[in-house]
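Number of protein chains: 2
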Amino acid sequence: MMSKNSIEEFAGGLSSAKPVPGGGGACAAAGAFAAALGMMVANLTVGKKRYADVEEEMKEILVRLGGLRDQLLELIDKDAEAFEPLSRAYGLPRETPEQREEKERVLEAALYEASMVPLEIMERILEAMGDLEILSKKGSRIVISDAGVGVLFAQAALDGASLNVFINTKLMKDRIKAQRIDKKAEDMIRQGQEYKDRIYSAVMSQIR
Amino acid sequence: MMSKNSIEEFAGGLSSAKPVPGGGGACAAAGAFAAALGMMVANLTVGKKRYADVEEEMKEILVRLGGLRDQLLELIDKDAEAFEPLSRAYGLPRETPEQREEKERVLEAALYEASMVPLEIMERILEAMGDLEILSKKGSRIVISDAGVGVLFAQAALDGASLNVFINTKLMKDRIKAQRIDKKAEDMIRQGQEYKDRIYSAVMSQIR
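Going down the list, the sequences are from chains A and B.
Under my numbering, the first residue of the first sequence is numbered 1, with each subsequent residue one higher.
Under my numbering, the first residue of the second sequence is numbered 1001, with each subsequent residue one higher.
Calculated from the structure, these hints are not laboratory results.
Cβ atoms here follow ideal geometry from the backbone N, Cα and C, with glycine treated the same way.
Treat the hints with caution; some may be incorrect.
Result set (EDC-like, lysine to aspartate or glutamate): computed pairs, CA atoms no more than 16 Å apart in a straight line [what the hints assert, rightly or not]:
1. K1004(B) to E8(A)
2. K1004(B) to E9(A)
3. K1170(B) to D1077(B)
4. K4(A) to E1104(B)
With beta-carbon atoms standing in for the labels, derived distance ranges [as the list claims (entries may be wrong)]:
5. D1053(B) to S201(A): 41 to 47 Å
6. E84(A) to K1049(B): 23 to 29 Å
7. K1184(B) to E186(A): 18 to 24 Å
8. D197(A) to K1049(B): 27 to 33 Å
9. E1060(B) to S16(A): 26 to 32 Å
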């Protein structure tokens, strides 16, 4: 698994001319960090007398964010795996009409699959944002800045993943299908912006 | 060095109740990823006939961004190191007037040092954004989405680091000094927003 690589190796991999890890995998990693920062806030809220009334809610959040964090770490690999068939499809010959038809068919399917992974990254991040919002209101105030960093990472990773949806759907021949996928991504970008505005202003009002 | 930890371990460390790595270290890591994504764009632009006229500029960017990436990876540790004296200062006794005076003095110095590291993280990220802007205009268009993800990460890490400036300066007794530091952070937030708006719209105009 790529998440077994060190931070330094991962940054080295991103820097290189090699296609993976790329922007999609980086978004999955940043999304995992966002979920993890939320968990830090929850972990520093549980067991505190002052926050006893949200103890159970914090424990539930820890389970949910832990699951999302681990799924996002796995999505680093899924993103890399989806790139291979796409790369193979681009390399197919297109000399005869049959070859051109076959290439178009294979490419269309690969583009669809390659847009599904960043869409899944977006879905997981949006779920994590729901918990970050609860944390920004009910979590321990001494680590509120970490909830703030978490939501900034979540939004950047969400919007970043959408770019990886759009670069793939842009090339799809089935425009109805492409637009349906784009619509999903756009809806999530909008929801993410709303989450970020709410959470960040809640955090800032406690910091400044 | 903390950057030798795997992505998974780093996410695990963020999730825990332990104070480091925290939001500051996560911002340094995300800033390093931003610089790295810029390097990927540059690495896929050099050696291409179509981009021969920017070959030298790309090579210079690679050297600069490589340096910034590595400095940001080191700042993950610096952020953790600055937390220790702060944590010690909070633990000092304050029973006698002498102890209270001593605690205030030590705490003030530790708060100052702890605000300097995220400020340095912000400075390095802002420098990287300058190169990301060049890349968004002159870099290979086939990896333009990675420049877009890079600037999203850079802005999130820049703003996130500013939260770690503000939580420390807020507690400083020397308000003149605190406001001078806050002003620097606010200026960088504004510059970062301007970079992000310009770069992201340049990227989006090529993707959608």
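Outcome of the hint check:
1. K1004(B) to E8(A): 6 Å, holds
2. K1004(B) to E9(A): Holds - the C-alpha atoms of E9(A) and K1004(B) are around 8 Å apart, at most 16 Å.
3. K1170(B) to D1077(B): With a Cα-Cα distance of about 23 Å, the restraint between K1170(B) and D1077(B) is violated, given a limit of 16 Å.
4. K4(A) to E1104(B): Given pair K4(A), E1104(B) is violated - Cα atoms ~43 Å apart, limit 16 Å.
5. D1053(B) to S201(A): 41 to 47 Å: With a Cβ separation near 46 Å, D1053(B) and S201(A) satisfy 41 to 47 Å, so the hint holds.
6. E84(A) to K1049(B): 23 to 29 Å: 27 Å, holds
7. K1184(B) to E186(A): 18 to 24 Å: Violated - the Cβ-Cβ distance for K1184(B) and E186(A), about 36 Å, lies outside 18 to 24 Å.
8. D197(A) to K1049(B): 27 to 33 Å: Violated: the Cβ-Cβ distance is about 45 Å, outside 27 to 33 Å.
9. E1060(B) to S16(A): 26 to 32 Å: 18 Å, violated
When the structure is compared with the earlier hints, violations turn up for hints 3, 4, 7, 8 and 9 and for no others.
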